[in-house]
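Visitor: Residue numbers (this note's numbering), protein chains in the order written: chain A, 2 to 721; chain B, 24 to 109; chain C, 24 to 109; chain D, 4 to 229.
Derived from the structure by calculation, the hints contain no laboratory data. Just so you know, not all the hints are guaranteed correct.
Claimed, not checked - Derived pair list, reagent style DSSO-like, types lysine-lysine, alpha-carbon separation capped at 27 Å:
1. A:314 <-> B:54
2. A:431 <-> D:29
3. D:29 <-> D:161
4. B:70 <-> C:76
5. A:540 <-> D:5
6. C:54 <-> B:64
7. B:54 <-> C:70
8. A:546 <-> D:223
9. D:39 <-> A:310
10. A:314 <-> A:399
11. C:78 <-> C:54
12. C:64 <-> B:82
13. B:54 <-> C:84
14. A:601 <-> A:667
15. C:67 <-> B:82
16. C:76 <-> B:54
Treat the numbers as computed from the prediction; the structure is a model and nothing was measured.
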Amino acid sequence: MSLEPQELDDLTSKIGRKPTPTELQIVAAEWSEHCSYKSSKIHLKMLPMKGPLVISEKGYDSGVLDVGDGYVITAHIESHNHPSAVEPYGGAATGVGGVIRDILSTGTRPIAILDGLRFGDIEKDLQARWLFKNAVTGIADYGNCLGIPTIGGEVEFDECYSNYALVDVAAIGFGKKKDLIKNHANRGDLVVLLGGSTGRDGIGGSQFASDSLESEDRSAVQIPDPFIEKLIIETILEARNQNLINAMKDLGGGGLSCAVSETADALSIGIEMDVDKVHTRESDMSPDEIMVSESQERMLIITNNEKLKKLEKICNKFHVKCSVIGHVTSDSMMHVKKGKKTCANLPTTVVANAHLLDRPSKKPSYLENIEQEKKLSPISNYSKMMMRLLSSPNIASKIWIYGQYDHEVGIRTVIKPGKDASVLRLDNGKFLAAKIDGNPKHCYINPREGAIGCFEEACRNVVCTGAKPIGMLDHLQFGNPENPEIFWTFLESLKGLTDFAKYFEIPCVGGKVSLYNETPSGPIKPTPLIGILGLIEKKPLHSQKITSGDYLVIIGETKNELGGSEYFEYIHKFVGGKCPIVNFKESKTNMNAVLDVIGKDFLKAVHDCSKGGLAVAVSELCMINQIGCDVSLEKVPGPKLDADRTLFSESHSRYLVVLDKKNLKKLEEYLRKNKVSYNLIGQFGGENIRFSSGHKPIIDLRVDKAQKTWFNSLKELVHG
Amino acid sequence: MTIFNVHVTIENKSGISDPEGETILNDLVLKGTHSTITGIKTAKMLKFTIKEKDKKSAKHKIQEICDELRIYNPMVSKVTIDVFDS
Amino acid sequence: MTIFNVHVTIENKSGISDPEGETILNDLVLKGTHSTITGIKTAKMLKFTIKEKDKKSAKHKIQEICDELRIYNPMVSKVTIDVFDS
Amino acid sequence: MKVGIIVFPGSNCDRDMYHVLTDVFKLKAEYFWHEKGLPKNIDAIILPGGFSYGDRLRSGAIAAHSPIINDVRKMAEKGIPILGVCNGFQILVEAGLLPGALLKNTSLNFMCKWTNLIVENNKTPFTNKLKLHQKIPIPIANGEGRYYVDDDTLKKLKRTNQIVFRYSEVVNGSTDRIAGVCNEDGNVVGMMPHPERATESEINPIDNKPSSLIFESLIKTIGVKN
Ligand SMILES: Nc1ncnc2c1ncn2[C@@H]1O[C@H](COP(=O)(O)OP(=O)(O)O)[C@@H](O)[C@H]1O
Ligand SMILES: [Mg+2]
Numbered sequence: 002m003s004l005e006p007q008e009l010d011d012l013t014s015k016i017g018r019k020p021t022p023t024e025l026q027i028v029a030a031e032w033s034e035h036c037s038y039k040s041s042k043i044h045l046k047m048l049p050m051k052g053p054l055v056i057s058e059k060g061y062d063s064g065v066l067d068v069g070d071g072y073v074i075t076a077h078i079e080s081h082n083h084p085s086a087v088e089p090y091g092g093a094a095t096g097v098g099g100v101i102r103d104i105l106s107t108g109t110r111p112i113a114i115l116d117g118l119r120f121g122d123i124e125k126d127l128q129a130r131w132l133f134k135n136a137v138t139g140i141a142d143y144g145n146c147l148g149i150p151t152i153g154g155e156v157e158f159d160e161c162y163s164n165y166a167l168v169d170v171a172a173i174g175f176g177k178k179k180d181l182i183k184n185h186a187n188r189g190d191l192v193v194l195l196g197g198s199t200g201r202d203g204i205g206g207s208q209f210a211s212d213s214l215e216s217e218d219r220s221a222v223q224i225p226d227p228f229i230e231k232l233i234i235e236t237i238l239e240a241r242n243q244n245l246i247n248a249m250k251d252l253g254g255g256g257l258s259c260a261v262s263e264t265a266d267a268l269s270i271g272i273e274m275d276v277d278k279v280h281t282r283e284s285d286m287s288p289d290e291i292m293v294s295e296s297q298e299r300m301l302i303i304t305n306n307e308k309l310k311k312l313e314k315i316c317n318k319f320h321v322k323c324s325v326i327g328h329v330t331s332d333s334m335m336h337v338k339k340g341k342k343t344c345a346n347l348p349t350t351v352v353a354n355a356h357l358l359d360r361p362s363k364k365p366s367y368l369e370n371i372e373q374e375k376k377l378s379p380i381s382n383y384s385k386m387m388m389r390l391l392s393s394p395n396i397a398s399k400i401w402i403y404g405q406y407d408h409e410v411g412i413r414t415v416i417k418p419g420k421d422a423s424v425l426r427l428d429n430g431k432f433l434a435a436k437i438d439g440n441p442k443h444c445y446i447n448p449r450e451g452a453i454g455c456f457e458e459a460c461r462n463v464v465c466t467g468a469k470p471i472g473m474l475d476h477l478q479f480g481n482p483e484n485p486e487i488f489w490t491f492l493e494s495l496k497g498l499t500d501f502a503k504y505f506e507i508p509c510v511g512g513k514v515s516l517y518n519e520t521p522s523g524p525i526k527p528t529p530l531i532g533i534l535g536l537i538e539k540k541p542l543h544s545q546k547i548t549s550g551d552y553l554v555i556i557g558e559t560k561n562e563l564g565g566s567e568y569f570e571y572i573h574k575f576v577g578g579k580c581p582i583v584n585f586k587e588s589k590t591n592m593n594a595v596l597d598v599i600g601k602d603f604l605k606a607v608h609d610c611s612k613g614g615l616a617v618a619v620s621e622l623c624m625i626n627q628i629g630c631d632v633s634l635e636k637v638p639g640p641k642l643d644a645d646r647t648l649f650s651e652s653h654s655r656y657l658v659v660l661d662k663k664n665l666k667k668l669e670e671y672l673r674k675n676k677v678s679y680n681l682i683g684q685f686g687g688e689n690i691r692f693s694s695g696h697k698p699i700i701d702l703r704v705d706k707a708q709k710t711w712f713n714s715l716k717e718l719v720h721g
Numbered sequence: 024m025t026i027f028n029v030h031v032t033i034e035n036k037s038g039i040s041d042p043e044g045e046t047i048l049n050d051l052v053l054k055g056t057h058s059t060i061t062g063i064k065t066a067k068m069l070k071f072t073i074k075e076k077d078k079k080s081a082k083h084k085i086q087e088i089c090d091e092l093r094i095y096n097p098m099v100s101k102v103t104i105d106v107f108d109s
Numbered sequence: 024m025t026i027f028n029v030h031v032t033i034e035n036k037s038g039i040s041d042p043e044g045e046t047i048l049n050d051l052v053l054k055g056t057h058s059t060i061t062g063i064k065t066a067k068m069l070k071f072t073i074k075e076k077d078k079k080s081a082k083h084k085i086q087e088i089c090d091e092l093r094i095y096n097p098m099v100s101k102v103t104i105d106v107f108d109s
Numbered sequence: 004m005k006v007g008i009i010v011f012p013g014s015n016c017d018r019d020m021y022h023v024l025t026d027v028f029k030l031k032a033e034y035f036w037h038e039k040g041l042p043k044n045i046d047a048i049i050l051p052g053g054f055s056y057g058d059r060l061r062s063g064a065i066a067a068h069s070p071i072i073n074d075v076r077k078m079a080e081k082g083i084p085i086l087g088v089c090n091g092f093q094i095l096v097e098a099g100l101l102p103g104a105l106l107k108n109t110s111l112n113f114m115c116k117w118t119n120l121i122v123e124n125n126k127t128p129f130t131n132k133l134k135l136h137q138k139i140p141i142p143i144a145n146g147e148g149r150y151y152v153d154d155d156t157l158k159k160l161k162r163t164n165q166i167v168f169r170y171s172e173v174v175n176g177s178t179d180r181i182a183g184v185c186n187e188d189g190n191v192v193g194m195m196p197h198p199e200r201a202t203e204s205e206i207n208p209i210d211n212k213p214s215s216l217i218f219e220s221l222i223k224t225i226g227v228k229n
């Protein structure tokens, strides 16, 4: 690990002397992109972070939202991309562990996990398949063992991730507002390191995450230990109940270096610590190694002499090791000793605040002609093509994934994965919906509109359950920020998200930036990922079984927006065209309309149109309910389009609504009055999914055959 | 062609922790009265039956399969391949 | 007292299916690339480090632990114990 | 009447079970940490699901050596109703309180899904309000849930009416589709599926009645008076 030459100069001038080797290691860890956000920090400020429900407290690693009646939820998102790309099982598993500790550090119990996954083309690429399979097992083994349900997520395969992997994990916590840890510390308080022992594994991890992936020689492998993590969770929550924790921080990237310096800086205190007091796995570790080791499953706690005994008692009960490694001072210095000898003594503000960069940006040249469409080769048999689309890894059912995750433990999961968002019940009688979404294919073609689209999609998904979006998490994943063209795509995405968040008054409650995501053949496509939390005051919309005769109504307009669609990319192998653009006003009108109508309690099901467009969304309703449907494409609202465009355009702000015939009047009355664009486009019944255009049949599929293909193809692909 | 038994042992590289071994040692073995045990490491074994012309080519073949099927990840684990007459 | 390494191999008794071994085998056989492989069985290994006066008592001690602490489930598995000088 | 819920390091369905016993069925319940002993005045014992000791070695294998298991054994001999769910079942099997073994699912994966049980023995303290061959929709969530017994034991289990639940379809490769068994006396029952995840209509999208009867059977057995 090392600092850039100008950073070394900067450090030297700030402390007025040559740094010691240990100091260099500490600062290099903390000033890495991963820990310091040096490329992104000045820009992230544009995101709206406040709102009537947001509770902000110094030193929190997760966002906190007040959900009423004295309860809060907490949320955070993290990624573990570089480690997962070389060791998918351990990388993904420790990714879960890391974000769970963020939730824990506010003093709330983690109650749900969501995962966002990206790999290369698993149809052709064995390496991608291996990464996918093992990352899913890693998440399953870790989350299942903790007894925290993984309630949903998303996954996408794209050649831009060949030989690479993005593994994002979001977590949600729940607790009483009065139990939140109010981070504070006084001189003389004790600094305690609790959890697994510190070893050589994961040394240099955060630096690793800030480099491009090239060399094979990585010591950054981390071995997951979900059993210790589970014990830590119970230990901490019991300690919280007994009010034994003054301040707390999880150890993540940068290990002790970051945890100690950031805690001290946030609380405006100093910390003096002794590396000899740290419980280590190997006896001969150097101070530098101890300070930057990223061994998992560790927490830093500030407590005091009185409380220590009780804390130790709890640790003993759970067989969790804890060591007093230092104490709080008032000099705002981070003083690291080995026995009597000083190894590092640095002002915490210097360590915790890297020099922030304002990197140059420039519109990428590839975008010049990206919207131009090529001539598509004609499709001779749409039904056959549709079957192929249903079996494509990006469209096929994700049951092979969420079926391996215990999504019910905790018995809160009222709406389970498999549809749009999942929903949890809360102790105050309300419900929380959550979903994460991304779409690098759209974001590649238009980084700004693509990012907004991910945001809207995640909102749509929670809205389909009857939830109002109350908070957003963003995870911004891009290539090398030193490349101005890449940095431009980062800024564009960020600006788009900011605009949408402000317009809809959805505060950003947490986020993460992951840069330097480069594969051997270049940067990944821009991959922002958006998580949305939605609150339901009364009750969620539980889909009812669709029966013969039920009506299908679409809300929202279908436009000529096929750029980055599955239809273009998977069927026509064409990357380009116009990416779907969210019209904010229309988006809001439709969202509010759907929420209002759900509240009236006469809908049977609501599903949004996303990947694969109208054709896939309708088919999903049919396949899940094992019933056919007749859809007339000419009735679909929007500009007049060719049948294939109406079928597969991925325009946003569209919802499919299913209802009993007798309720149509009520629905229409409401929608007309509120000037919502909608139409009755089909009726359920029979055994075939049929799309026709002016009585000309376009697609005709047997539901059972479609269902079998859609349901099993991912599993068959993975198991060969 | 002769039949050989090939044992492939997969274990974490040294320096990489083995939480399962530690739990078995601390929470099971040392809780009893078995203090002469000082360490436990877990490993996974695959026992192949293979028809090859000699031991060398059997071993070679198995190594190839382990790499190709990614039976282990060289980042974390090492393998030992032992060939026996059947 | 001497330090010994004792390897305990736990595997299914014959007659009890081993889906994992079968899956790996099918991956190979179905793909038709490695037809010289005729069987794969998986096993789990625990490598004990033990201080005992000689090999015999090391083996004896480990056998005792395996039985008493049910390191293996005799209903489905069998163990093989091999002692090595460390 | 008090139900003891035994908590091992890594148990993770203990709180769910507590909620269902107390909030849904209005029973008194108390947690017991595995290193402690059990008091005499316990009327029933439940070993909840989870990953005791991280499922290391084999699921349930290490927890089966916990000190509290000695007390559980004594209670079992006294005829006190004991239910092991999922990991609790695995522990009871490893402790020798129930016959058989639980092996890795044939899919080799963890499986979380809803399935149907068929009641095969409605004479146990946990099934006496169910009808013979009644169907119960219920979720499973396990990686090592494949119940195994050899042919002789299977014959014996059938003869002594120790098979309590079967899956209605092949789920994970269990011998004879067995999902739950009891000891010879019938007071110790183990099952892989999670009844506590299926008793509330909010959570159970299908039909909440049948699995509630598992708890109502217990109430019938031990009485409700507090
Ligand atoms: N990686 C994953 N982990 C868990 N659940 C997933 C994952 N990917 C998809 N799912 C689940 O599958 C369902 C469909 O997901 P997705 O196709 O992303 O839906 P949508 O198009 O509505 O965003 C959702 O319930 C989602 O939570
Ligand atoms: Mg959706």
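Visitor: Indicate, hint by hint, whether the structure satisfies it.
Guide: Cross-check of the supplied hints:
1. A:314 <-> B:54: Satisfied, since the Cα-Cα distance of roughly 19 Å is no more than 27 Å.
2. A:431 <-> D:29: holds, 22 Å
3. D:29 <-> D:161: violated, 35 Å
4. B:70 <-> C:76: violated, 32 Å
5. A:540 <-> D:5: Violated: residue 540 of chain A and residue 5 of chain D sit about 33 Å apart, past 27 Å.
6. C:54 <-> B:64: Violated, at about 34 Å.
7. B:54 <-> C:70: With a Cα-Cα distance of about 18 Å, the restraint between residue 54 of chain B and residue 70 of chain C holds, given a limit of 27 Å.
8. A:546 <-> D:223: violated, 35 Å
9. D:39 <-> A:310: holds, 21 Å
10. A:314 <-> A:399: violated, 44 Å
11. C:78 <-> C:54: violated, 45 Å
12. C:64 <-> B:82: Status holds; Cα separation ~17 Å.
13. B:54 <-> C:84: Judged against 27 Å, a Cα distance of about 15 Å means the pair holds.
14. A:601 <-> A:667: holds, 10 Å
15. C:67 <-> B:82: holds, 21 Å
16. C:76 <-> B:54: holds, 22 Å
Hints 3, 4, 5, 6, 8, 10 and 11, counting from the list given before, are not met by this structure.
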